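Protein chains: 2
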Amino acid sequence: MTMKWWGWGEEGRTFPVPNPERFWGLVASRLGEPGVSPRIESLDAIALPPSRLEGETLAALRRAVGEDAVATDTAQRAVYSLGKGYRDAVRIRRGEVPHPTDAVVWPQTEEEVAAVLAEAARRGVAVIPFGGGTSVVGGVEPATDRPTITLHLQQLARVLNVDPISATATIEAGILGPALETQLNAQGFTLGHFPQSFQFSSLGGWIATRSGGQKSTLYGKIEERVQSLRLAFPGGAIATREVPAAAAGPDLNQLIIGSEGILGVITQATMRLAPVPQRTELRGYLFPAFPAGVEAAREMMQRELTPSVLRLSDEPETAINLVFRSAPHGLAAVIEKAGGWYLTRRGVSLDSASLLILGFEGEEAAVRSQWQRAKPILRRWGGISVGKSPGRAWERSRYEAPYLRDVLLDHGILADTLETATTWDRYLALHAAVRDAVATALGDRSLVMAHLSHSYPHGGSIYFTFLARQEEGQEIQQWERAKNAACQTIIDSGAALSHHHGIGSDHRPWMAAYLGPGGARAMAALKQAFDPQDIMNPGKLTPMEEPTPRA
Amino acid sequence: MTMKWWGWGEEGRTFPVPNPERFWGLVASRLGEPGVSPRIESLDAIALPPSRLEGETLAALRRAVGEDAVATDTAQRAVYSLGKGYRDAVRIRRGEVPHPTDAVVWPQTEEEVAAVLAEAARRGVAVIPFGGGTSVVGGVEPATDRPTITLHLQQLARVLNVDPISATATIEAGILGPALETQLNAQGFTLGHFPQSFQFSSLGGWIATRSGGQKSTLYGKIEERVQSLRLAFPGGAIATREVPAAAAGPDLNQLIIGSEGILGVITQATMRLAPVPQRTELRGYLFPAFPAGVEAAREMMQRELTPSVLRLSDEPETAINLVFRSAPHGLAAVIEKAGGWYLTRRGVSLDSASLLILGFEGEEAAVRSQWQRAKPILRRWGGISVGKSPGRAWERSRYEAPYLRDVLLDHGILADTLETATTWDRYLALHAAVRDAVATALGDRSLVMAHLSHSYPHGGSIYFTFLARQEEGQEIQQWERAKNAACQTIIDSGAALSHHHGIGSDHRPWMAAYLGPGGARAMAALKQAFDPQDIMNPGKLTPMEEPTPRA
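As you go down the protein sequences, you meet chains A and B in turn.
Just so you know, the first sequence maps onto residues 11 to 561 in the numbering used here.
Just so you know, the second sequence maps onto residues 11 to 561 in the numbering used here.
Hints are supplied without guarantee of correctness; some may be wrong.
Each pair may be met inside one copy or between any two copies, as identical chains are not told apart.
Claimed, not checked - Subject to a maximum C-alpha distance of 25 Å in a straight line, what follows is the list of computed DMTMM-like cross-link-like pairs (lysine to aspartate or glutamate):
id, residue 1, residue 2
1, K385, E309
2, K398, D361
3, K385, E374
4, K398, E374
5, K14, D54
6, K14, D416
7, K385, E314
8, K537, E121
9, K398, E305
10, K537, D155
If you are wondering where the hints come from, they were derived from the structure by calculation, not from laboratory data.
The model shown is predicted, which means the values in this text are computed figures rather than measured ones.
When you get a sec, could you build the whole thing from the sequences and use the hints?
Listed below in structure tokens is the structure:
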């Protein structure tokens, strides 16, 4: 499915604010009166410099992939030159595409991918692999002065083989989430990978960015589900062995997973599947405060429970959730029913509560056993059950939040997210530090909230959402202030520069500090080995300072 | 603990053959009459060429680590120049140390490790990191014409920090299994890593070789338990971030795990811990044949059961087990009690049965729930419970098997093991192919048996044991025939060249085929980045053919 050119998601679809008066009232009181932020009416309003590809190069590309599979028109070039981050949205709404790609090509096969890379290498043309284009970290925007082609993998989208004995499937990289899950489900399997971008993002993109999904606490991030893969790089290819585990040197899969297109193009992968769960059961719990919920999460994970969903909102996010949800389906209704007086008696105030959506899935007996073991832990940390509605509400709307970003933008409101992960001992301190850093960067009239969405026995992720009235004429600088403050705090805290969004160009300035000189040297060596001409997605992922020269 | 110089394990300890007459009778009938294979009486019988290190180099090393921490005497050089594989045993018993190291050094700190590497780099001296020295694949034997030092990490053996909140511990690489577990257990934690070499092997060695343990089906191989690590390489160091997961490029931990000393020296790691299990429960089951047991294992793993021990012997190994075990503690007694007639009625013949040792561990409730779910699966595939004794017998003797190798050697019997892993769809075919290849290489009077010891939802390991009467004067060539046949079969089948022993020098001839040119290029790039002079454990792990030159 192709997304609307000017924002997130399906054309004609928007975020239905469930309780508009209350919602916009809250926005006004917290962030200031919303405004109006116009956008250009169509792609025709965008002017681009002409494609820098020489006629000979274009002819060679057309020979490689076919006449119809190369586009150089402005509309296509504009759409494929930006991702779906906040900065991308601001710019496309203004009609600004400052770094346009010079052509979009659609190879049909792995051989055609190799042919395109060979032409690009021969002619020194940069190549940006493009799956669903949902990067929120500048992963698909050209970042080089060289002529650039965007290699769209849309046509490599087949499930090549499902092996029901080994519970694996070999799948082409360009397939999007829904097509993939539908085909696997038909054979009784799931990949269990549901990032918020699920409907529009591709398997290859997930692998290239070390994606995480909403059920990764059970199924593992994408790096745990790759059994083997194939990477085409300029001048060669690599195919890793299809084995469940090995002791035969460094794990080459883990070199390529997360490489964000800088080494080559992931063309297919054999993925580890799980059975479609017999039963999925989500329940909501309210904790007296975020730290109590974090302790409950930690204890569940360390006592080896395996929830599929463990999503704990901090107090501000919980409060916003209560405003968002409309009666009679939403959390507000549930709370109404539960009775504020009851919660108060149990030490939970709705102004400072922390909402947990907890889910287990799998075979009936396993799910039952997990709930039996989880409940005493939840109780011990003060968790109060608020029934199944919050889980249902979350499930219904779990792919919807990005649409809201565009609604807010229409009203002159900055809204974006960022995420990290750290060990449990540093968790609450990092949560507070990033929240405070972003709030300071955005000023008093801002809102910063967060949730824990991916838990491990040894730590967890933190996913921040931040909102502020846009500073007119300074929209991007304002956003950069918040991002910079967050990234610097994350680096200073020793946390993950990203847990599942990736690095792209947005987080690149911190990569040298994140990796250190030794890590930078490893990354430079890989880049040099696979792409010595630096034609593969240049300007992304790699540290910006040169690694320390050899002693 | 230091091992005996001429074989496996503690000085003065041997394998008490429980049923000697029956056992040696079987050996004679299957392999031919045992002989006598003498060994030299002491290390004094070994003559080595003088150390090739120049006086200046030795002086520099002594300045770096202290006068007493550098040894160049023949006895030390001999002991530290071989691992514990079959070929090593044959040679040390003859007094043959064809490739002696030139000095053994014992740094006390990470800084001293760096100082030794700096001296080595300056002088072009090769360095072999040495943990417990239990490599069975030639991992610690010098394999270069250059002067070589063996860097013994014995003195870097502290648990630096246990973080009870994050359930992690930061530990120096030279610590051996028992010291590590004792210290973690005291704080309520376990690393859950119990390779057969547990008593004598080191954390750093486990990480460097991608080790697997007897409970890795639950706890994961060592690569799953490393949160972060530190590697000293010539001219620098790398310290990975202590995060539970990240999306910030290739996983640098997974570059270093399995690097077998060719990139640098792993000096410490922060490891992911688990709680000491409340309950551990092992039971034995007999299946009518190996394939039925494999199906039961596959179904349990794919239905997301999490056994800690799942050890399934094929028919020949089961038969040998029955001979080994002495009444009244062993399996034989159990079977006696169960009554052959009962088994026969249920379709199990003792001549062709397959024994499963299955264990679950963790919290009481979780263990109970797992057994409840496992039992119908075991029944469906024809598994018959033979109670708890087989599990107890296995637990008691689980570190003993390597002692038997030496007993057999004393009697002129070749005994060795090798292992691999593959996906479930290829499992039985690979089992048969390797078994047949090794049996053909060794001739009629040989015994090849195997077990499944590490299971995953998507495949499993196969661990082969092979025995034959030694061919006098051709002991090593005979062994090489068997190894070559097995390795070639494994490569041809697309299976793991090793699942947990590693590559060392023994498996190196197959690495080019295993990795393919793209993989070889990645490995060469890493080597070049960290160790351009090739002083780190030269002659190990890396493919022997040069990778294809760049197009």
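- Are there hints from earlier that the structure breaks, and if so, what are their numbers? Failing hints: none at all.
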